[in-house]
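Following the hints, position chain B against chain A.
Note that the protein sequences, when read in sequence, are chains A and B.
Numbering follows the working numbering, in which position 42 of the first sequence is assigned residue number 42; successive positions increment by one, without gaps.
Numbering follows the working numbering, in which position 87 of the second sequence is assigned residue number 87; successive positions increment by one, without gaps.
Just so you know, not all the hints are guaranteed correct.
Once the Cα atoms are required to be at most 27 Å apart in a straight line, the calculated DSS-like pairs of lysine-lysine come out as [what the hints assert, rightly or not]: (1) A:Lys44 x A:Lys14; (2) B:Lys15 x A:Lys44; (3) B:Lys57 x B:Lys71; (4) B:Lys15 x A:Lys57; (5) B:Lys71 x B:Lys15; (6) B:Lys71 x A:Lys44; (7) A:Lys57 x A:Lys9; (8) A:Lys14 x B:Lys42; (9) A:Lys44 x B:Lys68; (10) B:Lys58 x A:Lys9; (11) B:Lys42 x B:Lys15.
Which residues of chain B face chain A? A few of them, derived with a C-beta cut under 10 Å, are [said to hold, decoys possible]: (12) Tyr36; (13) Phe62; (14) Ala86.
Just the calculated beta-carbon pair ranges, DEER-fashion [unchecked claim]: (15) B:Lys58 x A:Ser67: 36 to 46 Å; (16) B:Ala29 x A:Phe10: 29 to 39 Å; (17) A:Gly40 x B:Gly16: 21 to 31 Å; (18) A:Pro39 x B:Gln3: 14 to 24 Å; (19) B:Gln72 x A:Asp38: 17 to 27 Å; (20) B:Gly16 x A:Ser84: 24 to 34 Å; (21) B:Ser10 x A:Phe10: 21 to 31 Å; (22) A:Lys14 x B:Lys58: 45 to 55 Å; (23) A:Thr86 x B:Asp79: 34 to 44 Å; (24) A:Pro61 x B:Gln9: 23 to 33 Å; (25) A:Ala82 x B:Asp79: 43 to 53 Å.
Treat the hints as calculated values from the structure; they're not laboratory data.
Heads up, the beta-carbon is just placed ideally off N, CA and C, and yes, glycines get one too.
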Amino acid sequence: NAGVTQTPKFRILKIGQSMTLQCTQDMNHNYMYWYRQDPGMGLKLIYYSVGAGITDKGEVPNGYNVSRSTTEDFPLRLELAAPSQTSVYFCASRNRQYRGPFNYGYTFGSGTRLTVV
Amino acid sequence: QQQVKQSPQSLIVQKGGISIINCAYENTAFDYFPWYQQFPGKGPALLIAIRPDVSEKKEGRFTISFNKSAKQFSLHIMDSQPGDSATYFCAAGEETSGSRLTFGEGTQLTVNP
Numbered sequence: 001n002a003g004v005t006q007t008p009k010f011r012i013l014k015i016g017q018s019m020t021l022q023c024t025q026d027m028n029h030n031y032m033y034w035y036r037q038d039p040g041m042g043l044k045l046i047y048y049s050v051g052a053g054i055t056d057k058g059e060v061p062n063g064y065n066v067s068r069s070t071t072e073d074f075p076l077r078l079e080l081a082a083p084s085q086t087s088v089y090f091c092a093s094r095n096r097q098y099r100g101p102f103n104y105g106y107t108f109g110s111g112t113r114l115t116v117v
Numbered sequence: 001q002q003q004v005k006q007s008p009q010s011l012i013v014q015k016g017g018i019s020i021i022n023c024a025y026e027n028t029a030f031d032y033f034p035w036y037q038q039f040p041g042k043g044p045a046l047l048i049a050i051r052p053d054v055s056e057k058k059e060g061r062f063t064i065s066f067n068k069s070a071k072q073f074s075l076h077i078m079d080s081q082p083g084d085s086a087t088y089f090c091a092a093g094e095e096t097s098g099s100r101l102t103f104g105e106g107t108q109l110t111v112n113p
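Pulled out of the complex, with its shape left as it was, chain A reads as follows (with noise of 0.2 Å):
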């Protein structure tokens, strides 16, 4: 069971350049999400869905867009490339229907490591 897999773990690219995060999971829950991770500031939501072809902005959907075409996949895409935009980014998903305590929480993929240069 591979949970949330995120690709690539690690990319350079320069300003104004273009890119794909890519994420699928395999556990068919309903709701996933693109975090932002920067140093001291916690995880900040770019973009979320809360099904096939639902998507919705976060707190900072600036510079991103994303599509969710099928249950398993939430890529998040970042044009125009700006440095402002060096972060870890994290997708993340739950299940909508939840019954007990941890039902509820989200499983995290281990994160994409990108710098803009």
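Same frame as chain A, but now just chain B:
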């Protein structure tokens, strides 16, 4: 703006001691308060969680204390061990808003042997 404030930013305790991390929130609609543990190079992992209808929840050495009127909650790690050294994040969420979680800034815990 929905915020969750976490303190301290860093914490050093001796093995066997008690680690205490505090969080405060603003949005009274939050109905779920989890704590996540993160080791270097890894994604956060759910540690323990509480709902606002209880004031305390204990899971082994980890306890959440929740004060609804003060809009504060805290994580207590009893008998802290070097293996507990990690970054801890509190968070708060609301089921009706797509289960989005708002995270605190994180606390880097170091437990000295």
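In rising order, the numbers of the hints this structure does not comply with: The structure breaks hints 2, 4, 5, 10, 13, 14 and 20; every other hint is satisfied.
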